[in-house]
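**Student:** The primary structure of each chain is shown beneath.
There are 2 protein chains.
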Amino acid sequence: MNGAESLVRTLLNGDVNVCFANPGTSEMHFVSALDRVEGVRCILGLFEGVVTGAADGYYRMAGKPAATLLHLGPGLGNGLANLHNAKKARSGMVNIVGEHASYHIQHDAPLTADIEGVARPMSDWVLTSRSAKDVAADGAKAVEAARTAPGQIATLILPADTAWGEAGGPAQVAAPAPRARVDGKAIDAGAQALRSGKPAAILLGGAALRGRALEWAARIAAKCGCELLCEYNNARIERGAGRAVVRQLPFAVDAALAMLKDVRELVLVGAKTPVSFFAYPGKPSVQVPEGCTVTKVAGAEADLEHTLEALADALGARNTAPRINAATHDTALPTGAITLDGLGALFNALLPENAVVIDEAVTSGRAFTGAMMGARPHDWLNIMGGSIGWGPAAATGAAIAAPGRKVVAFEGDGSAQYTLQALWTMAREGLDVTMVVFANRAYKILLGELNNVGAAAPGANALSMLTLDRPDLDWVALAKGYGVEAGRAKTLEELAAQFKRGLAVAGPYLIEVVM
Amino acid sequence: MNGAESLVRTLLNGDVNVCFANPGTSEMHFVSALDRVEGVRCILGLFEGVVTGAADGYYRMAGKPAATLLHLGPGLGNGLANLHNAKKARSGMVNIVGEHASYHIQHDAPLTADIEGVARPMSDWVLTSRSAKDVAADGAKAVEAARTAPGQIATLILPADTAWGEAGGPAQVAAPAPRARVDGKAIDAGAQALRSGKPAAILLGGAALRGRALEWAARIAAKCGCELLCEYNNARIERGAGRAVVRQLPFAVDAALAMLKDVRELVLVGAKTPVSFFAYPGKPSVQVPEGCTVTKVAGAEADLEHTLEALADALGARNTAPRINAATHDTALPTGAITLDGLGALFNALLPENAVVIDEAVTSGRAFTGAMMGARPHDWLNIMGGSIGWGPAAATGAAIAAPGRKVVAFEGDGSAQYTLQALWTMAREGLDVTMVVFANRAYKILLGELNNVGAAAPGANALSMLTLDRPDLDWVALAKGYGVEAGRAKTLEELAAQFKRGLAVAGPYLIEVVM
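Residue numbers (this note's numbering), protein chains in the order written: chain L, 4 to 518; chain G, 4 to 518.
These are computed hints drawn from the structure, not numbers from a lab.
There could be a bad hint or two in this list.
Because identical chains cannot be distinguished in the list, a pair is counted as satisfied if it fits within a single copy or across any two copies.
Below, computed lysine to aspartate or glutamate pairings styled on EDC-like, alpha-carbon distance capped at 20 Å [stated by the list, open to error]:
#1 Lys67 / Glu356
#2 Lys136 / Glu304
#3 Lys286 / Asp111
#4 Lys275 / Asp111
Whole structure, please, built from the sequences with the hints as guidance.
**Tutor:** The following block contains the structure:
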């Protein structure tokens, strides 16, 4: 058994059985091992940003890491932006990055680069295997790192000779440690803040936004009269009718400050102190109002279900009816011209039960996120690191992880361009993704940001860098180029018909919404 | 004047007047400064790999650096693969990378990352500006670094507050130092090797493959009976009828060893000792045969025209007629099914005079490169770092740098997918690029490499990762999506008609060659 095969078998020992890949020559022995060993589903991406973004989406829905297979430093480089997003989402994944044979590196061949250097900024764990005999144990450590709560980016660099050299055998992978429980003092501090009688809010993050944890939070909110908040972006929230009422902090600094201005006790459960997405001249970085006490009860890595259950018990909320969203989806469909309000009403009515929503509709999406609180129950996944080009890739991985569920990807036209190649993978794998592209023909958010930072009104050079017209992108043709059925909507009626069609077809469908 | 404006004016002082850009919020003051200060041509790329690859192509044809504008760590990450290619090409460029305001970094907002860490592996020079008053001087140093022969990747990181804060004024930029001349001893050593009577070859690289330098080499070859060789990939060669006869070392290790096997004196002028592109079990990394002496006369940074002139004088070759390629382009066009030989003959006949050829036709391209030595005189640019996805971007930059010349980009279907978004920039800027995509529906080179590394025949998993079918990419539809006219060729007659049409239209044209 060579090193590559010992690694594949070790990954399987660690329940890593999906590999998103874009390999090259230095990875050929690993590719060959994937042939010999049964049990790993290999999914090709035409660009590495698709590969790493898919692994992020996969982790968020599967709750376990996938592997990626990348070609030396530059291949890893192409995947870096979505590794950044995944790291900020606290997603776990195991990146296998091929490297030249150890003895070949000194000769500075064209693809030689400092792979560890490329990996480090966007990885939590980095290791280069030193010999074929080490590869299995290194792989086990990589899986263990990736599975460390709440999830970590583990990057294992595999010189070609460690892949083709003779190895011992696969290694065992330790089971993930259970999430640590916070101590009673932290629970007491949180309970005290929420009982203080002052205006209070719980800022929820990570696993606190799902399942039983979220239910406990909804009981606490009902019992204490406090508000449940979440950050602007979240890795995965369970939302919709019958789920907890959670308000999302706005992206715009002034709006976020306004939402928080009366809060005097801010309790953090799985979330960090809220900060502005960007700095703007004269505006604060930290969004906590003066006179507000911040109490951190638990970080994202803790057992948040236990935390919120204990907090509910401390507050006597165990049997309180949770504060949940009423259903609002059984309403008439909006008609006429496409407006942001109309989009919100339309998707609120039509989103199917148990849908997985991928949200990278940067400018347009802000408008309808809040309008869909009473839609049929669904999961909502945000881009976490702010590096656009996450959505098409994440939708691909989410669909692989959640067969039988409809994936709905809301995309800005600027964002979707970065990893458009994901459409081909969706077509090839027959993934049930309905991608809605809001084609406003601009990096419209930046036209606003130019004003927000206090810069002058845009002139010719600024407009040339912030608009996406001349020529307009033809999204229907692009989808066709990747073998994906597509349609265009210029009115809400057309959009409703298109959206229904997208949900009805087996496999991917793209809708260009002309804004 | 703020820091951003002081930087724009400094760039202009250093004759940097083209900026390939994909900005975000943290770059808005720089964008605004580009509006206020006249003289910088700003070109938007829909993906950062387009931006950095364009700057590489620009440098190779303009002989001076462009600026790039990138959005924090992840935006730089997206540009990294083509920075790698540019660094290996020894191209100069000035990357301006936005960063959060200095005081905001500590708060770990979503886009926060170790930007210097991301930059370092693919940059020769990295600096973060510390205050608005430093920006101009830092910018001058960046331009000076980028212009250091033969060219360097300079990355300047610009925290938003150094862009918006009050600065002094622009800085002066020192003129580039003239290239260093090699000393007489090195010339004598080279002359002695070439006079030895043993089978000799000169391996040319960098600027030795162009202009007067190349002419001197052709005289030396005629005088001494030695062979002129170049590496497998080169940043820019002047080729075609009337230019020096230079043989390219093959990619395949065995073929390269066979070409070099009788050489006993190998003289390096601007090139490095030849090494294999990848390591393969049982094959050597260094391709110099046993018993062959290697004499390095000059590195890529030296004054190579002077080196070769001095060498010609030492060998009495000043007035020797150079050994040049005979014209072979006035031949009948090949007809019938598309074959590699047919492609070579077709492009040899039809390539227009003074064309700039971008070569990223990985599998197919190898076949016809050699067949075009007698084509009309042209420049030939190779991908240098081996990270595919360079071609469409480099073609964009080359076309900006060389208006009035036809750019012909030969692309593999695998390669072109990584930076396909460049088509939109070509359409927007009306660039005269004819892109020929050889659609063999596979990473065909890797199917060969799987065999070369000694791995087994491909099974289901390997084939799924090495083929580009199911569905076939529709390149004509993709081009249409980006506003680029396109056609498909299934025979050599159709290809000839399409290629003529591509050369005739003003602006970009794409041809899908069905292999």
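**Student:** Indicate, hint by hint, whether the structure satisfies it.
**Tutor:** Each hint tested on the structure:
1. Taking identical chains as interchangeable, the C-alpha atoms of Lys67 and Glu356 are never at most 20 Å apart, the minima being 24 Å within one chain and 57 Å between chains.
2. Within a single copy, Lys136 and Glu304 get their C-alpha atoms no closer than 33 Å, and across copies no closer than 42 Å, so neither meets the 20 Å cut-off.
3. Proximity of Lys286 and Asp111 under a CA criterion of 20 Å is satisfied inter-copy only: 16 Å between copies versus 48 Å inside one chain copy.
4. When the C-alpha separation of Lys275 and Asp111 is checked against a cutoff of 20 Å, the pair qualifies only between copies, where the shortest distance is 10 Å, while the shortest distance within a copy is 44 Å.
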